[in-house]
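One-letter residues, chain by chain:
Protein chains: 2
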Amino acid sequence: MTLIARDLSHIWHPCSQMKDYEKFPPIKIKRAYGSYLELTDGKKVIDAISSWWCKSLGHGYPELKAALLRQVEHYEHVISANTCQEILIELSEKLALLCPGLNKVFYASEGACAIEIAIKMSLHTRKIMGEQGRKQIMALQNSYHGETLLALSISDMELYREPYQDWLLPVIFLQGIPYVTSEIDPLWQDCGSYWPNIEDQLNQYADTLSAIIVEPIVQGAGGMLIYSQDFLKRLRSWTLKHSVHLIADEIMTGLGRTGYALACQHAQIKPDFICLGKGLTSGWLPMSAVLTTSNIYQIFYDDYDKGKSFLHSHTFSGNALAAAIALEVLKILEEKQIYQKVREKQKLLSQLMFEVAQSTQRLMRIRGIGAIISADLVLESHQKKQRCGYQVFQNAVKLGALLRPLGNTIYWLPPLNIELKTLLSLKEITIQAINQTFKN
Amino acid sequence: MTLIARDLSHIWHPCSQMKDYEKFPPIKIKRAYGSYLELTDGKKVIDAISSWWCKSLGHGYPELKAALLRQVEHYEHVISANTCQEILIELSEKLALLCPGLNKVFYASEGACAIEIAIKMSLHTRKIMGEQGRKQIMALQNSYHGETLLALSISDMELYREPYQDWLLPVIFLQGIPYVTSEIDPLWQDCGSYWPNIEDQLNQYADTLSAIIVEPIVQGAGGMLIYSQDFLKRLRSWTLKHSVHLIADEIMTGLGRTGYALACQHAQIKPDFICLGKGLTSGWLPMSAVLTTSNIYQIFYDDYDKGKSFLHSHTFSGNALAAAIALEVLKILEEKQIYQKVREKQKLLSQLMFEVAQSTQRLMRIRGIGAIISADLVLESHQKKQRCGYQVFQNAVKLGALLRPLGNTIYWLPPLNIELKTLLSLKEITIQAINQTFKN
Chain U
22 MTLIARDLSH IWHPCSQMKD YEKFPPIKIK RAYGSYLELT DGKKVIDAIS SWWCKSLGHG
82 YPELKAALLR QVEHYEHVIS ANTCQEILIE LSEKLALLCP GLNKVFYASE GACAIEIAIK
142 MSLHTRKIMG EQGRKQIMAL QNSYHGETLL ALSISDMELY REPYQDWLLP VIFLQGIPYV
202 TSEIDPLWQD CGSYWPNIED QLNQYADTLS AIIVEPIVQG AGGMLIYSQD FLKRLRSWTL
262 KHSVHLIADE IMTGLGRTGY ALACQHAQIK PDFICLGKGL TSGWLPMSAV LTTSNIYQIF
322 YDDYDKGKSF LHSHTFSGNA LAAAIALEVL KILEEKQIYQ KVREKQKLLS QLMFEVAQST
382 QRLMRIRGIG AIISADLVLE SHQKKQRCGY QVFQNAVKLG ALLRPLGNTI YWLPPLNIEL
442 KTLLSLKEIT IQAINQTFKN
Chain G
22 MTLIARDLSH IWHPCSQMKD YEKFPPIKIK RAYGSYLELT DGKKVIDAIS SWWCKSLGHG
82 YPELKAALLR QVEHYEHVIS ANTCQEILIE LSEKLALLCP GLNKVFYASE GACAIEIAIK
142 MSLHTRKIMG EQGRKQIMAL QNSYHGETLL ALSISDMELY REPYQDWLLP VIFLQGIPYV
202 TSEIDPLWQD CGSYWPNIED QLNQYADTLS AIIVEPIVQG AGGMLIYSQD FLKRLRSWTL
262 KHSVHLIADE IMTGLGRTGY ALACQHAQIK PDFICLGKGL TSGWLPMSAV LTTSNIYQIF
322 YDDYDKGKSF LHSHTFSGNA LAAAIALEVL KILEEKQIYQ KVREKQKLLS QLMFEVAQST
382 QRLMRIRGIG AIISADLVLE SHQKKQRCGY QVFQNAVKLG ALLRPLGNTI YWLPPLNIEL
442 KTLLSLKEIT IQAINQTFKN
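Protein chains in written order, with the working numbering: chain U, 22 to 461; chain G, 22 to 461.
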């Protein structure tokens, strides 16, 4: 029995129509290093999406491996309720510096669970404070925050929501977000023309909202959309004025993706909650975290019999192996000045995607920030139902890049430390993959 | 600044009232091996609850470390959508043998997310099959399935639910479960006297249920309660008769805890979904899995444009490091005949807890199966509000055991391979911890 047959006998792959694998089987991974996946036939494939946006320092980073090996000599995992672990303290101290003021850290494993924890904390404070009227959550149009039921409820993704509609919770989606193509877009600095419409929507819920949740600056699964930093700034002012919590889902954007440790820094705002995941361990191990303020923390801090405890449990909260890697990730990002290098690389990524557009004449709405660049395929009406993005994916894989479009949105979201020559190859592969898709 | 002060400055520990740590600080972990935690002062503490029920082979198991080091030489993590990874195939082939017929495996990281995935799959099949009327979920009284919102909705835990009541989803809780003290209890073999009442409840929802979810045989956080295998058998017959899915949450019971690979084996039943977590990696790394049948899988299997895909995504689905460890765990459990050894150890655990009861005269309702033994503290009315369980915990930690009661339920849930002499120490510590609690 072939490896593929064995795979498809038992593994239900995530985010997949399994029948698709009949015609285009999964690629056989042998090793991975830097920005490359090496297949069992020796072929090298560029990991152009950092394995679902998580491998921010690429594969097999030696210092991260060393950190794992150091920790495993002591222990791998100990319950974090009622224990004190130096590796977790060091990590937490570093995380507490990311956004001054947000210095309390709660650990989980999945990104979606960090989102659920932040929302539970917000709703729970309302209960403790007797703010019975504040029970609603607002998210943005085109949002994505994960696929556990609560996370899915606050995600504006019809494709993912539709089968579970009867079970989803009611959430308000803010419309009319001022999207931009880059920081050069005038809307980036001033979205005043959009604001009255937005404020009208917000004001309706000023007294009933517990929290507003956003993916700061970049919305990922919703189509790699970038919005005005001024909008985020104004939204934060509005939430402060009306005592509404702001939750920043930095699971994709966090730790350098947009050229700063946090995407919130573009708008110089401090939210009430920050959720981290994916790149927190540079995609080595599942770990997520919720950062929040002492103010929020203190609301729950009281004698046990007052009934204010936040009793959320998670077996692997603060897993020591993941913590050791996350700590090393934060050190490397700083020591190697990765944030700054991403800002420098931004222009190059943009230039290369423009070259793809010029060469293929098949891309529109190019947009980018930090180490993210995306564009939509130009489709004629008869092509709109042909899964062109999926064809580009198939062609790209054959040509040597794991480029995995979101529908018909092509994007690169490579390791932050990807080399120039790899980016140049990626550009060539993208051009060919698009040209092959539309050659007829 | 002391280690404890640094810890409490930044870490929000799970399932904790943080103020409790002022008077009883977290214990400082230095290393962990076998059934022991070693503290920074050199003291050894028995991990009597397997670090929240996950460290089934104890800490630092050498072959598991070796498996981790082997995998890290190849790669640590690659996106599992569109890739084929031998380590995941080998793991999936082994998992597919656990319960013949349940041979499709979907991977996540947190236990609660495995639960949410199984429920989403059940509800989604109803949508695809046009069974619009089947939208309800039923769980058992005293159930616990996790704390993401959907998992919490199907958990009958008032303490955890209360702050989020307005957001919880409506779920039916089946009452009148035939609890037993052990397999010797006549109800274990025949719960016929309880069944008519149960069947009456079930029949009301025969046409509207999508699924019933159970922790098979043992309910963990609900109080380490054990119920009749005959009840589980009858429940399975009823679900088959009425085309209702049965979801088995084996996150705590799975991989040996009750003396078999799966607790479902006590009732010789085959559910539609099995959720695994915790012990799947012997508590090394976060990994969870949903096993299901080809029948369920085939309902989603069609051309992409039919819109039947199960598009749930999770970044770390099938993480290679966790998979390498899980594969090794399964091999060790078989090769070292751990399941059989747990069945042999069951009597000893029970005998030791009876000795604690006899010596202290403070335990009632002793119940046990496999490597789980629990009992409730006998309390006078004025003691019921005194957090006696928490006092037992504090005393036990000082005496050298991390024994962490559920309220006033004392339990041992040690590594499956705990040594006899460690169990004997645990017994002595438990006796002293209880006596000290009630000495006045």
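To be clear, the hints were calculated from the coordinates, so they are not data collected in a lab. Everything numeric in this text was worked out from a predicted model, so none of it was measured. Don't take each hint at face value.
Since the list gives no way to pick one copy over another, a pair counts as held whenever it fits inside one copy or between any two copies.
Claimed, not checked - With a Cα cut of at most 16 Å, we get these calculated EDC-like pairs of lysine to aspartate or glutamate:
1) K44 x D324
2) K448 x E376
3) K460 x E401
4) K115 x E356
5) K329 x E179
6) K460 x D324
7) K44 x D326
8) K115 x E355
9) K329 x D41
10) K406 x D326
11) K148 x E114
12) K49 x E111
13) K327 x D41
14) K148 x D228
15) K405 x D221
16) K44 x E183
17) K44 x D323
Tested hints:
When the C-alpha separation of K44 and D324 is checked against a cutoff of 16 Å, the pair qualifies only between copies, where the shortest distance is 11 Å, while the shortest distance within a copy is 61 Å. Within a single copy, K448 and E376 get their C-alpha atoms as close as 8 Å, which meets the 16 Å cut-off; across copies the closest is 72 Å, which misses it. With identical chains, the CA atoms of K460 and E401 are at most 16 Å apart within one copy only, with a shortest distance of 14 Å there and 83 Å across copies. For a Cα distance limit of 16 Å, the shortest separation of K115 from E356 inside one copy, 13 Å, qualifies, whereas the shortest one across copies, 43 Å, does not.
Within a single copy, K329 and E179 get their C-alpha atoms only as close as 36 Å, which misses the 16 Å cut-off; across copies the closest is 14 Å, which meets it. For a Cα distance limit of 16 Å, the shortest separation of K460 from D324 qualifies neither inside one copy, at 70 Å, nor across copies, at 24 Å. Taking identical chains as interchangeable, the C-alpha atoms of K44 and D326 lie at most 16 Å apart only when they sit on different chains, with a minimum of 15 Å there against 60 Å within one chain. For the homomeric pair K115 and E355, the shortest alpha-carbon distance inside one copy (11 Å) is at most 16 Å, but the shortest distance between copies (42 Å) is not.
When the C-alpha separation of K329 and D41 is checked against a cutoff of 16 Å, the pair qualifies only between copies, where the shortest distance is 12 Å, while the shortest distance within a copy is 49 Å. Taking CA atoms no more than 16 Å apart as the test, K406 paired with D326 passes between copies only; the shortest distance there is 9 Å, against 59 Å inside one copy. Within a single copy, K148 and E114 get their C-alpha atoms no closer than 29 Å, and across copies no closer than 47 Å, so neither meets the 16 Å cut-off. Taking the closest pair of Cα atoms, K49 and E111 come within 16 Å of each other only across two copies (14 Å); inside a single copy the shortest separation is 38 Å, beyond that limit.
When the C-alpha separation of K327 and D41 is checked against a cutoff of 16 Å, the pair qualifies only between copies, where the shortest distance is 12 Å, while the shortest distance within a copy is 55 Å. In this assembly of identical chains, K148 and D228 lie within 16 Å of each other by CA distance solely inside one copy; the values are 15 Å within and 37 Å between copies. Taking the shortest alpha-carbon separations for K405 and D221, neither the intra-copy value of 35 Å nor the inter-copy value of 53 Å comes in at or below 16 Å. Taking CA atoms no more than 16 Å apart as the test, K44 paired with E183 passes in neither setting, with 26 Å inside one copy and 50 Å between copies.
Proximity of K44 to D323 under the C-alpha cut-off of 16 Å is restricted to the inter-copy arrangement: shortest distance 13 Å between copies versus 59 Å within a copy.
The structure fails to meet hints 6, 11, 15, 16 from the earlier list, while all remaining hints are met.
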